[in-house]
Amino acid sequence: AQSVTQLDSHVSVSEGTPVLLRCNYSSSYSPSLFWYVQHPNKGLQLLLKYTSAATLVKGINGFEAEFKKSETSFHLTKPSAHMSDAAEYFCVVSPRSNDYKLSFGAGTTVTVRA
Amino acid sequence: SQTIHQWPATLVQPVGSPLSLECTVEGTSNPNLYWYRQAAGRGLQLLFYSVGIGQISSEVPQNLSASRPQDRQFILSSKKLLLSDSGFYLCALNGQGSEQYFGPGTRLTVT
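Protein chains in written order, with my numbering: chain A, 60 to 173; chain B, -5 to 105.
Derived from the structure by calculation, the hints contain no laboratory data. Hints should not be assumed to be uniformly reliable.
Taking lysine-lysine and the DSSO-like style, the derived pairs with C-alpha atoms no more than 30 Å apart in a straight line are [stated by the list, open to error]:
#1 A:117 / A:160
#2 A:128 / B:73
#3 B:73 / A:101
#4 A:127 / B:73
#5 A:117 / A:127
#6 A:101 / A:117
#7 A:160 / A:101
#8 A:108 / A:127
#9 B:73 / A:160
#10 A:160 / A:128
#11 A:128 / A:108
Beyond 12 Å from chain B on every Cβ pair, some chain A residues (computed) [unchecked claim]:
#12 65
#13 70
#14 77
#15 107
#16 122
#17 144
#18 170
#19 173
Glycine included, every Cβ here is placed at the ideal spot set by N, Cα and C.
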């Protein structure tokens, strides 16, 4: 069984300041982990993925995430928020067995203040 | 690169009317295809997935059905819509690993 918990339903930051979105997971298998972003009325876009290579994963648009097995966490960060980062973010887990079932977190809405 | 098309982009239908949403993909062959629904204030719910032509697995009992008449075409249907069918419908396909790539979505409002 697998599940994902996004610890914050809403995060508000000022433009130019760091962004931190927290995600904890549980999985019976060695998981693959992903972060997706969704802008209003758009599909989900893959930001980055962890699949057992380097624990620090770099993604698009300056985002990165660190896999910490001991803490079962996969937090997403960006050093400097941009107005275009305002969106909803989903942490997602999949068992390494390439099962079709992705487990989605409830999402974190990011607001960026000018 | 692979591309996912969804049609229509938005749809307003009365209760009891039929539904047909189409998803077509380009740039890949024999993909696994998925239908998700995202209702207001709720997360993504997997509705159906397909590993090949004519092969459909249902995840949630409901008045929706899916079909895959061609390798790169996935259709979501209903004979009679309910108010609870309103939502944002997303088609997705699998990547090289277990990641999925999503289409632009269809916004369905049942009135």
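Each hint tested on the structure:
Note on residue 117 of chain A and residue 160 of chain A: the hinted pairing holds, with a Cα-Cα distance of about 24 Å set against a maximum of 30 Å. Taking the CA atoms of residue 128 of chain A and residue 73 of chain B, the gap is about 47 Å. The hint is violated against a cut of 30 Å. Straight-line distance between C-alpha atoms of residue 73 of chain B and residue 101 of chain A comes to about 26 Å, which keeps the hinted pair within the 30 Å bound. Between residue 127 of chain A and residue 73 of chain B, the direct Cα distance comes to roughly 47 Å. Violation of the 30 Å bound is thereby established for this hinted pair.
For the given pair, residue 117 of chain A sits about 15 Å from residue 127 of chain A by alpha-carbon distance, which is consistent with the 30 Å threshold. Only pairs whose Cα atoms come within 30 Å are accepted, and residue 101 of chain A paired with residue 117 of chain A is accepted, the gap being roughly 23 Å. Annotation: proposed proximity of residue 160 of chain A to residue 101 of chain A holds, straight-line Cα distance about 22 Å (limit 30 Å). For the suggested pair residue 108 of chain A and residue 127 of chain A, the alpha carbons sit about 14 Å apart, so the restraint of at most 30 Å is met.
Simply put, residue 73 of chain B and residue 160 of chain A have alpha-carbon atoms about 27 Å apart, close enough for the 30 Å limit, and the pair holds. Only pairs whose Cα atoms come within 30 Å are accepted, and residue 160 of chain A paired with residue 128 of chain A is accepted, the gap being roughly 21 Å. At most 30 Å may separate the alpha-carbon atoms for a hinted pair to count; residue 128 of chain A and residue 108 of chain A meet this at roughly 15 Å. Not every CB of chain B is more than 12 Å from the CB of residue 65 of chain A (nearest about 10 Å), against its label as outside the interface.
The claim that residue 70 of chain A is not at the interface with chain B holds, since no C-beta of that chain comes within 12 Å of its own (minimum 17 Å). With a closest Cβ-Cβ approach of about 26 Å to chain B, residue 77 of chain A is found to remain outside the 12 Å limit, as its non-interface label requires. Non-interface status of residue 107 of chain A relative to chain B is broken: a Cβ of that chain comes within 12 Å, the nearest being about 10 Å off. Every CB of chain B is more than 12 Å from the CB of residue 122 of chain A (nearest about 15 Å), matching its label as outside the interface.
Residue 144 of chain A, annotated as away from the interface, keeps every beta carbon of chain B farther than 12 Å; the closest lies near 19 Å. No Cβ of chain B comes within 12 Å of the Cβ of residue 170 of chain A; the nearest lies about 17 Å off, and the non-interface call holds. The Cβ of residue 173 of chain A sits about 27 Å from the closest Cβ of chain B, beyond the 12 Å cut-off, so the non-interface label holds.
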